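First to last, the sequence lines map onto chains A and B.
Everything in the first sequence is counted per the UniProt record's numbering, starting at 1 for the first residue and increasing by one.
Everything in the second sequence is counted per the UniProt record's numbering, starting at 1 for the first residue and increasing by one.
It is possible that some hints are incorrect.
Stated by the list, open to error - Restraint-style ranges between C-beta atoms, simulated for each label pair:
id : chain 1 : residue 1 : chain 2 : residue 2 : range
1  : A       : G272      : B       : A328      : 51 to 61 Å
2  : A       : R21       : B       : S192      : 28 to 38 Å
3  : B       : R264      : A       : A316      : 51 to 61 Å
4  : A       : D269      : B       : T146      : 24 to 34 Å
5  : B       : G131      : A       : E204      : 51 to 61 Å
6  : A       : P18       : B       : A328      : 47 to 57 Å
7  : A       : P130      : B       : A328      : 20 to 30 Å
8  : A       : D23       : B       : N337      : 36 to 46 Å
9  : B       : P197      : A       : E204      : 49 to 59 Å
10 : A       : G272      : B       : D228      : 58 to 68 Å
11 : A       : T211      : B       : P197      : 39 to 49 Å
12 : B       : A200      : A       : S192      : 52 to 62 Å
13 : B       : A268      : A       : E222      : 29 to 39 Å
14 : A       : R218      : B       : R312      : 38 to 48 Å
For the record, the hints were derived by calculation from the structure and aren't laboratory data.
Only a predicted model underlies this, so the values are computations on that prediction, with no experimental measurement involved.
Here a beta-carbon is modelled for each residue, glycine too, at the ideal position from N, C-alpha and C.
Number of protein chains: 2
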Amino acid sequence: MTAAPAAPDPGYDLPALPGMRLDEIQTPALVIDMAALERNLDWMRTFVEERGLRLRAHAKTHKSADLARLQIQTGGACGICCQKVSEAEAMVRAGITDILIANQVRDPAKLDRLARLAKRARILLCVDDPGAVPDLSAAAVRHGVTIEVLVEIECGAARCGIAPGAPARDLALRVAAAPGLRFSGLQAYQGSAQHLPTEAARGEAIARAETVTRETLRMLGEAGLACDIIGGAGTGSFPFEAASGVWNELQCGSYVFMDADYRRVLGADGNGFEQALFVLGSVMSRAPGRAICDAGLKCFSVDSGLPVVADRPGIAFTGISDEHGHLADPEGRLAVNEKLRLIPGHCDPTCNLHDWYVCLRDDRVEALWPVTARGKVF
Amino acid sequence: MTAAPAAPDPGYDLPALPGMRLDEIQTPALVIDMAALERNLDWMRTFVEERGLRLRAHAKTHKSADLARLQIQTGGACGICCQKVSEAEAMVRAGITDILIANQVRDPAKLDRLARLAKRARILLCVDDPGAVPDLSAAAVRHGVTIEVLVEIECGAARCGIAPGAPARDLALRVAAAPGLRFSGLQAYQGSAQHLPTEAARGEAIARAETVTRETLRMLGEAGLACDIIGGAGTGSFPFEAASGVWNELQCGSYVFMDADYRRVLGADGNGFEQALFVLGSVMSRAPGRAICDAGLKCFSVDSGLPVVADRPGIAFTGISDEHGHLADPEGRLAVNEKLRLIPGHCDPTCNLHDWYVCLRDDRVEALWPVTARGKVF
Chain A
1 MTAAPAAPDP GYDLPALPGM RLDEIQTPAL VIDMAALERN LDWMRTFVEE
51 RGLRLRAHAK THKSADLARL QIQTGGACGI CCQKVSEAEA MVRAGITDIL
101 IANQVRDPAK LDRLARLAKR ARILLCVDDP GAVPDLSAAA VRHGVTIEVL
151 VEIECGAARC GIAPGAPARD LALRVAAAPG LRFSGLQAYQ GSAQHLPTEA
201 ARGEAIARAE TVTRETLRML GEAGLACDII GGAGTGSFPF EAASGVWNEL
251 QCGSYVFMDA DYRRVLGADG NGFEQALFVL GSVMSRAPGR AICDAGLKCF
301 SVDSGLPVVA DRPGIAFTGI SDEHGHLADP EGRLAVNEKL RLIPGHCDPT
351 CNLHDWYVCL RDDRVEALWP VTARGKVF
Chain B
1 MTAAPAAPDP GYDLPALPGM RLDEIQTPAL VIDMAALERN LDWMRTFVEE
51 RGLRLRAHAK THKSADLARL QIQTGGACGI CCQKVSEAEA MVRAGITDIL
101 IANQVRDPAK LDRLARLAKR ARILLCVDDP GAVPDLSAAA VRHGVTIEVL
151 VEIECGAARC GIAPGAPARD LALRVAAAPG LRFSGLQAYQ GSAQHLPTEA
201 ARGEAIARAE TVTRETLRML GEAGLACDII GGAGTGSFPF EAASGVWNEL
251 QCGSYVFMDA DYRRVLGADG NGFEQALFVL GSVMSRAPGR AICDAGLKCF
301 SVDSGLPVVA DRPGIAFTGI SDEHGHLADP EGRLAVNEKL RLIPGHCDPT
351 CNLHDWYVCL RDDRVEALWP VTARGKVF
């Protein structure tokens with residue numbers, strides 16, 4: 001009998017256990033560089049504190065209750081955003097008590113679930129259609145709760161949102177008059193601005209959003225409606241919203257982790273944010289000039305491009321299939337079982353593929369965090 | 001108090017419950033048309049039975065123990081393929097007892113986990129490197145088990161696999177001589193042939209794979225090594241492997257579900273296979289000429305293109321973001337809360353995003369099947 005290597009036991013379902021070295025992690029695994037994460041959290045807390053702005057961190061990026069708690073306790077966040085009712089349910093179960101569903105919810109059964117959540121947490125929801133008000137109001141009344149509403153305006157992304165100006169004002173008046181609802185402000189998120197390739201283009205897109213948001217605010221003021229929240233902004237554009245004097249609640253998400261696409265867009269210094277998220281992969285096969293690693297389409301979302309190899313100049317990620325990553329290795333530097341830190345093209349949908357974050361400090365596993373709301377899309 | 005709509009309770013974490021109508025499902029949800037699935041299973045069982053071939057269905061497509069069991073009990077499968085040790089662990093826990101890991105596994109800790117699995121199931125593994133034999137043999141000996149080995153040859157896909165011919169023969173001899181291992185045959189899977197756009201191109205790719213596989217078999221025969229298994233073939237190419245007289249064990253996976261990419265490649269009739277897998281989405285916002293549904297990048301893998309709208313001529317899926325699907329609706333046919341059946345671009349990584357299959361028969365929920373090995377990538 002030879003000695004057994006250190007397979008995680010009884011951790012059959014876990015990629016690692018606390019105390020393990022990086023090279024003992026069963027790959028592929030989603031890993032966080034905790035020191036980099038903490039610096040990103042500090043950077044953003046300082047930014048909003050210095051400007052007297054609120055941060056409502058977007059939890060759709062990470063879907064982690066542990067990280068949401070950290071953002072609220074030490075990262076300067078007043079609460080979080082979620083995108084789906086089931087995501088908010090998972091966060092409320094984990095003890096988060098201030099949640100904006102930064103999205104439209106129309107199914108009466110989902111609205112019923114949302115109203116039940118409002119018994120345990122402050123719940124805010126975006127609305128972009130007068131037709132949405134009766135069902136939402138009925139759900140709130142049925143459960144004896146108040147649901148706060150942000151009127152979502154279409155400010156350039158051509159996604160959800162009512163037309164700014166008079167239609168938005170009229171919707172706000174309707175919300176304010178509905179039993180069980182409170183009008184709490186505007187949602188003015190310009191999603192398509194986040195990944196524009198130049199700072200100038202992002203600034204122009206936010207300037208256009210600012211114009212229509214200001215005009216809507218003016219009309220709301222004339223109608224006697226105050227906005228507690230003017231929400232929006234993402235990791236690609238928030239300096240513009242912050243400088244505008246219009247927005248008061250920033251909804252950035254990706255800043256905690258960063259990804260290859262934001263690094264391309266924001267430049268190598270990431271506007272101050274460091275890459276804190278990686279998929280750790282291992283080489284499992286070699287051939288002249290190339291190698292194959294164990295991280296494929298079930299570890300990465302490739303909607304914004306292939307992963308990028310960190311730390312290893314001369315090695316390129318060149319292709320991907322379901323279970324394999326293709327690496328160009330012209331000088332034959334990679335050995336079988338070698339570990340690679342891979343930067344996801346797009347962090348949000350990549351995190352949603354994994355069940356666990358392996359939290360690393362000085363290349364030791366400090367903790368495993370569940371991806372609390374993984375797969376909570378409904 | 002108005003009457004509460006039918007939210008699944010206590011099914012907070014479930015998109016549906018058995019007995020519900022299609023319009024009561026909380027969307028987005030991954031749904032199976034059970035009648036179409038059963039016809040696909042029947043088609044393939046008949047195909048292999050008529051030809052005296054074995055089917056080792058690839059479970060990486062669905063990751064469902066329920067469906068694997070159905071494939072073995074009524075679908076003509078002798079066992080299943082998995083791609084990762086953790087995937088096989090999940091299937092063994094669910095009672096599946098004949099599993100080929102159709103991939104390379106090199107980490108000694110993973111090989112230890114694999115050898116432990118071989119106490120409870122027949123386990124086969126692909127090997128493409130003489131350097132892999134000592135660790136695998138040691139793990140088998142340590143746990144007192146026999147692990148069967150298929151020598152994987154590179155037959156055109158430029159992924160894993162040792163060079164065919166003499167290198168493959170020498171590796172087979174080395175496997176056959178190693179304690180705890182049994183040489184059981186060849187893995188000759190031409191992955192890149194599956195999605196070639198024409199039948200002729202797929203046929204040519206498999207003809208090239210056939211040539212090198214035959215030559216390797218000849219050399220193995222000269223060396224006195226018999227192959228119980230010559231494995232390979234996928235949903236795009238299996239008629240060619242089946243007709244060759246070389247392969248005897250087909251490893252098709254996607255045939256159970258189909259997807260938009262295979263429908264493009266194989267033609268509208270899917271070579272006999274019907275679309276049995278959909279993501280059910282709901283419209284949640286409207287604007288002139290377009291609509292937004294609730295199914296985005298966390299519901300679909302878009303590596304092989306956007307989803308396709310079923311049943312609704314004139315409605316096109318035109319864009320996708322994390323939580324939103326963009327629909328062109330030039331004639332304004334879509335209403336808020338309307339349900340849409342969406343065909344995934346690529347079934348395997350799409351299934352891996354979801355926790356549940358909602359099994360439908362005559363538009364009623366018949367069962368919920370867990371995606372047993374979801375996220376089991378290590």
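Hint by hint, here is what the structure shows:
Evaluation of the 51 to 61 Å hint for G272/A and A328/B yields a failure: the beta carbon distance comes to about 39 Å. Against the hinted window of 28 to 38 Å, the Cβ-Cβ separation of R21/A and S192/B comes to about 36 Å, which satisfies the hint. In this structure the supplied range 51 to 61 Å is violated for R264/B paired with A316/A, their Cβ-Cβ distance being about 29 Å. In this structure the supplied range 24 to 34 Å is violated for D269/A paired with T146/B, their Cβ-Cβ distance being about 55 Å.
For the pair G131/B and E204/A, the supplied restraint of 51 to 61 Å holds, since their beta-carbon distance comes to about 56 Å. One distance hint, 47 to 57 Å for the beta-carbon pair P18/A and A328/B, holds here, with the actual separation near 50 Å. Taken as a hint, the range 20 to 30 Å holds for the pair P130/A and A328/B, whose Cβ atoms sit roughly 24 Å apart. The hinted window of 36 to 46 Å between D23/A and N337/B is violated, with their beta carbons roughly 51 Å apart.
Range check, P197/B to E204/A: Cβ separation about 41 Å, and the 49 to 59 Å hint is violated. The hinted window of 58 to 68 Å between G272/A and D228/B holds, with their beta carbons roughly 60 Å apart. Range check, T211/A to P197/B: Cβ separation about 47 Å, and the 39 to 49 Å hint holds. Checked against the hint of 52 to 62 Å, the C-beta distance between A200/B and S192/A comes to roughly 42 Å, which is inconsistent with it.
Checking the proposed 29 to 39 Å range against A268/B and E222/A shows it is violated: the Cβ atoms sit about 57 Å from each other. Distance hint check for R218/A and R312/B: the Cβ-Cβ separation is about 41 Å, which falls inside the suggested range of 38 to 48 Å.
Hint compliance for this structure: hints 1, 3, 4, 8, 9, 12, 13 are broken, all remaining hints hold.
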